[in-house]
Every structure is written in structure tokens, then in C-alpha cells.
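Novice: Spelled out from the first residue to the last, the chains are:
Number of protein chains: 2
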Amino acid sequence: MSTVNREIHLASRPTGWPTAENFRLVETPVPTPGPGQIVVRNRFVSVDPYMRGRMNDVRSYVPPFQLDAPLDGGAVGEVVASEADGFTPGDVVLHGLGWREYALLDATAARTVDPDLAPLTAYLSVLGMTGLTAYAGLLEVAGMAEGETVFVSAAAGSVGSLVGQIAKLKGAGRVVGSAGSAAKVDRLRELGFDAAFDYHDGPVGDSLRAAAPDGIDVYFDNVGGDHLEAAISSMRLHGRAAICGMIAQYNDTEPPAAPRNLAQVIGKRLTLRGFLVGDHGHLRERFVGEMAGWLRDGSLSYDETIVDGLDNAPEAFLGLLRGENLGKMLVRV
Amino acid sequence: MSTVNREIHLASRPTGWPTAENFRLVETPVPTPGPGQIVVRNRFVSVDPYMRGRMNDVRSYVPPFQLDAPLDGGAVGEVVASEADGFTPGDVVLHGLGWREYALLDATAARTVDPDLAPLTAYLSVLGMTGLTAYAGLLEVAGMAEGETVFVSAAAGSVGSLVGQIAKLKGAGRVVGSAGSAAKVDRLRELGFDAAFDYHDGPVGDSLRAAAPDGIDVYFDNVGGDHLEAAISSMRLHGRAAICGMIAQYNDTEPPAAPRNLAQVIGKRLTLRGFLVGDHGHLRERFVGEMAGWLRDGSLSYDETIVDGLDNAPEAFLGLLRGENLGKMLVRV
Numbered sequence: 001m002s003t004v005n006r007e008i009h010l011a012s013r014p015t016g017w018p019t020a021e022n023f024r025l026v027e028t029p030v031p032t033p034g035p036g037q038i039v040v041r042n043r044f045v046s047v048d049p050y051m052r053g054r055m056n057d058v059r060s061y062v063p064p065f066q067l068d069a070p071l072d073g074g075a076v077g078e079v080v081a082s083e084a085d086g087f088t089p090g091d092v093v094l095h096g097l098g099w100r101e102y103a104l105l106d107a108t109a110a111r112t113v114d115p116d117l118a119p120l121t122a123y124l125s126v127l128g129m130t131g132l133t134a135y136a137g138l139l140e141v142a143g144m145a146e147g148e149t150v151f152v153s154a155a156a157g158s159v160g161s162l163v164g165q166i167a168k169l170k171g172a173g174r175v176v177g178s179a180g181s182a183a184k185v186d187r188l189r190e191l192g193f194d195a196a197f198d199y200h201d202g203p204v205g206d207s208l209r210a211a212a213p214d215g216i217d218v219y220f221d222n223v224g225g226d227h228l229e230a231a232i233s234s235m236r237l238h239g240r241a242a243i244c245g246m247i248a249q250y251n252d253t254e255p256p257a258a259p260r261n262l263a264q265v266i267g268k269r270l271t272l273r274g275f276l277v278g279d280h281g282h283l284r285e286r287f288v289g290e291m292a293g294w295l296r297d298g299s300l301s302y303d304e305t306i307v308d309g310l311d312n313a314p315e316a317f318l319g320l321l322r323g324e325n326l327g328k329m330l331v332r333v
Numbered sequence: 001m002s003t004v005n006r007e008i009h010l011a012s013r014p015t016g017w018p019t020a021e022n023f024r025l026v027e028t029p030v031p032t033p034g035p036g037q038i039v040v041r042n043r044f045v046s047v048d049p050y051m052r053g054r055m056n057d058v059r060s061y062v063p064p065f066q067l068d069a070p071l072d073g074g075a076v077g078e079v080v081a082s083e084a085d086g087f088t089p090g091d092v093v094l095h096g097l098g099w100r101e102y103a104l105l106d107a108t109a110a111r112t113v114d115p116d117l118a119p120l121t122a123y124l125s126v127l128g129m130t131g132l133t134a135y136a137g138l139l140e141v142a143g144m145a146e147g148e149t150v151f152v153s154a155a156a157g158s159v160g161s162l163v164g165q166i167a168k169l170k171g172a173g174r175v176v177g178s179a180g181s182a183a184k185v186d187r188l189r190e191l192g193f194d195a196a197f198d199y200h201d202g203p204v205g206d207s208l209r210a211a212a213p214d215g216i217d218v219y220f221d222n223v224g225g226d227h228l229e230a231a232i233s234s235m236r237l238h239g240r241a242a243i244c245g246m247i248a249q250y251n252d253t254e255p256p257a258a259p260r261n262l263a264q265v266i267g268k269r270l271t272l273r274g275f276l277v278g279d280h281g282h283l284r285e286r287f288v289g290e291m292a293g294w295l296r297d298g299s300l301s302y303d304e305t306i307v308d309g310l311d312n313a314p315e316a317f318l319g320l321l322r323g324e325n326l327g328k329m330l331v332r333v
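Taken in sequence, the protein lines are chains A and B. The numbering used here applies: residue 1 is where the first sequence begins, and numbers increase by one. The numbering used here applies: residue 1 is where the second sequence begins, and numbers increase by one.
The calculated lysine-lysine pairs, modelled on DSBU-like cross-linking and capped at a C-alpha distance of 30 Å, are: (1) B:K168 to B:K268; (2) A:K268 to A:K168; (3) B:K170 to A:K268; (4) B:K268 to A:K268; (5) A:K170 to B:K268; (6) A:K170 to A:K268; (7) B:K170 to B:K268.
These are computed hints drawn from the structure, not numbers from a lab.
Here chain A stands alone, though its shape is the one from the complex (with noise of 0.2 Å):
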């Protein structure tokens, strides 16, 4: 076992769209559990555009993430010391200290997991936050029912994905996805998707009046912008928006154009309803067990762009904003 450890800290908080400049790779020495604690290898870490929230120094729903300090979120490895009843070397668990190669941190912050009922990476992804996020916002937030038309923003992403996936499988009569190129477009048919389109070849409303004709019930927003205001246009009465991100505005450093038809809510009786994962927990044993069944039989897929290297880590965070990844954007440590 190397003595010597590997971490990504904030070097300074970005101003509008994040460089390789804000992060610095840092060595320190491998920590030595303390009692009740574990020492992780990490095998692979999570980059997410939640993250570009935490990089500014504005309270929310999570702290701000600390100048000089690693910076943390999902990961994946190997117990290589426990000083914690339940863990032993080789345990594989789950966790929330990515960004670094070796992780110390308090037994209970760390859930067990089956390296042979699914990949590794499949904990971050599919069967993980990403996937409850989907199946939350859609099913539970958004109250998808059957026949329904939805619309998925950022539709090639790894929530997006599934999301367009889980609605079909839950019997959504229309699923509509944008994504930002032809490939992931493609891509999108493949997965089952009766429509999708490349946001850059027109106004987002064109573009799903075309593909959705007689409106939307359910809309799925990872963008914000123009994506949620042309889903406000295209809603049927009585439409629900479920609000999971606005990467669109992440890096913005003015306040954003807001829809300007925001109006239509009261006509349309519209519900537009922000939500974060961890409020729907309770949801995690029906979601497991359905995805791993949909997963065994064939009926739903999932993508991932894994980069090699914690070094690269920054630069697979900065490729995910420019919506360069397909699927579930993972480093490989």
C-alpha cells in the first residue's frame, strides 16, 4: 500500500465557467483510521454538476466547498484498514469522499456493497444517487402517469438517460429528449426515445413543438433557460415540471433570463417543483428492485464516460459542463 495520497482541492472559487486553474492535485500522507473509522482506496469517483454550486461561496442546500480543502462526492473503493466493527480490508463500500485516492471517514458514512451483483461503477450510476434521481423526479415528483407525453432536457446525460428509459418502461405514451450533438441524438433512438432533437438546430420551442405536437404532460429539467421555458409553452393543462437542475445557468454570472411565459402556470394549472434526491430515501428499496430487474432483463441501458486518473479528475468535471459525456461522467482513480 503507497504512503503517499492523491487529492483534488479548490485552489480558488471560479467566476463564471471553472478552469483548470481552480483545482490543485495535493499530496498528503495515506491517513490511519482512527476507532469507529475505515481508510478507503478509492476506485472511482463522481463528477456532477451539483458540483459547480458548491464551488461558490453561497450558502444552499450543501456547504460550500472549502479553499485548500479535498473536494468531496460520490465514490466507490476498497476498505484497506478498519478500526470499525462490520468492515474489513476488501470490503467494497460506497461513500461521499471522492476527489482523493485514499479517504478516511467514520464507518457509519459508508454503506457495504455487492461487487458481484452489479459493476462498481454501477453504484454511482445506475443503481445509485443518479438513478434514484431519476426515478424519483419522475415517478414520485412529477407523478408520471401512464400514456403521458414527457420531455427530458440534457436527455443523453446520466440521469436524462434514464429518466427518458423509465418513462417508457412505466408505459409514457411520448418521450421526447435534446441533447447538445447528432451522436447523442442517435444515441437517444436507440435507448428507445420516440423522439429526440440537437438543441443547437433551433429555438428549444420549435424543436419540441415539432417532436411533441400535441404537448407535454411531464417535463424533466436538467437545463433551465430556454429548455424550461419552452416546456412551460408546451404543456398540456394541469403539467408538471420536475425541476432537478438548470446546468444551462451553473456558470453564469449574471442572473439568468427566467421564462418569460411563467404566466402560463395559472391558466394551465402547472406545477414546476424542485427536488433533491435525498428527500426521496424512502423510495431506494422499490427503485433498487426495479432497476435491477429492468437491468437483468435487457430493458434499460446506461452509458458512461470513465476518465483515467484522479490528475484528470478536474478536467472530466470541466468536459461534463461542456456536456461532453455520455452518460454517467466517472473517474477512474
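Keeping the supplied structure of chain A fixed, place chain B upon it in accordance with the hints.
Specialist: Below, chain B without anything else, positioned relative to chain A:
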């Protein structure tokens, strides 16, 4: 009985703020009822902000008003001729053909009310659509719970003043209202609001933070724009907005500036929900029972601004848009 009927027609569609020239007083013969029909001599007609939207030639939840035809809207009056079972001259009825002296309508579109139980005007305000809008929006759409902090805009208006009082009667911890003049703010304090402010006195966000330093749980929106933005910023986790109207932008000719802080719905798990009172008729019986009780025991007050003469109905409507009313704006025919 006069043989001349007078009606207010839409002479032209307003662009931006309506003017007197958009309306025309037209004399027509008093109609004669056909089978199943009645003729009603209107006593009071309602003018409401939503009517502004119907003056535009756009499809909405109600069809637009037609040019060179009478406007319509809530009205109460006496039956003067009837060819319908169950209706005799002298009956007092509530119906939807206001903006005219004599209304010809199918008896199925009229509802008999008891003039001894409440003043005629109450059927257009506190015991009518206005009251149900306040009641349903606060209790069903926003789901206000005991102890919560409630903010309502246009709080001295017909709906807003009831929202605030119902909130207090239902156990809200703190009720805050905004209005457009010092006199209205004084009136809100008399009505039992815990805090009230004139939105002209500074940025709405600052005034709201001062009035509700610990934040708000429920926002009843009659205004939109900067009021909605302020409410989103002040909302606590799991806050809910019942969106009833956006009077601030009804006369806008450009798409309005929408809340620039909409992304907060995610982290704070907010719900924004538009509604129309027509979807909440199932609450009517409970609503009338509770409201009548509160009126009897003096725990609920309502204000009316009554303009005399049908020829002044356009001016009453324009005054409503300018915020010149305290409580419900009505025209005595």
C-alpha cells in the same frame, strides 16, 4: 320595466394599458326569454383582473372576449322574466353575464341565492368566486399548515385580504401582506395582518425580509414579477407558492422579467403551482360553511369598492388595474 338594455362592448383590443376608448356603451332591446331561459336585471357586476387577459386575442383557459360584443363576468340580479321551471320574477340569481343591464341566459347557467342570508354583493365577493379563490388557493393549492408564515401580495385586494384573514383563522404563525399605498397598509394591520408594507417603499425583497426575517413557507401570488422573485428568495425549505394572478404584467407588451432566482426551487425544494378556482368547486360547501360562520361571529371582514352606473364599468375596471380599489371592485348597475 325599461325596454332599453345597455351593454358594454369591447370596441377594440388594448395594446398595453387599456383606455376608455377600448370600450363602448351600446343600447339594445331588452331580450325576451325563450324556452328554458330567463332574463335577469343585473344589480351588481364584478370587474376582475383576469378580464384583462381575455381582451387579448389569444387562446387561454377562457376564450377571448369578442370585438363588438358585450363583455361578460360575474353578476348578481333579479329575474324579470322566466320561461324556465324553478325561476320566477323576483328571484335573485348569480350568473356569468355581467357588463350589461339585462342578461338573457339559460336557466341552467344561473344559481338562485338568498338575499336575506347575506348582502347581494357578498355573492360576488366573500361568499363567491373571490372567497373560494382565497380559500382554495391557500388551503388546498399551497396546503398551508398551522404555524407557518404566509406572504400574500395585492393583500388589500378582494382575494388577498381574505387570504390573510383565512390564514390567521387557520392558525398561521405569521401573515405578511404587500399593498400599494399607506392607507392599504393601515387597513391590513386592522384586518389582523402581522406585518404589511407598501411595495413602493423599496425593493420588495428587502421589505419582505424585514417583515418576515425568518423566511416564509407559503406565498399567495396575485402580482408576479418582483413579488414572486422576492418570495422565492425568502422561502424556507419546502416552501409553496399558489399562483393565482400576475397583475404586474397583464398590461406588458414585452415578455416580462421573470424571477431571476428560479434555480432556488431545487435546493429549497420549492413548489410553484398555478391554479384556477374552477378546479376547486368540490370545496364549495365546506368553504361557504366556514366563511359564513366567520362572518357571523365577526372574525372576518371584507371590503368593497362600489362604482355607480354601468357606464362607469370601464373606468372601474381601469381603476382596478391601477390598484384604486380596497377589497372587491364592483359596479352597481
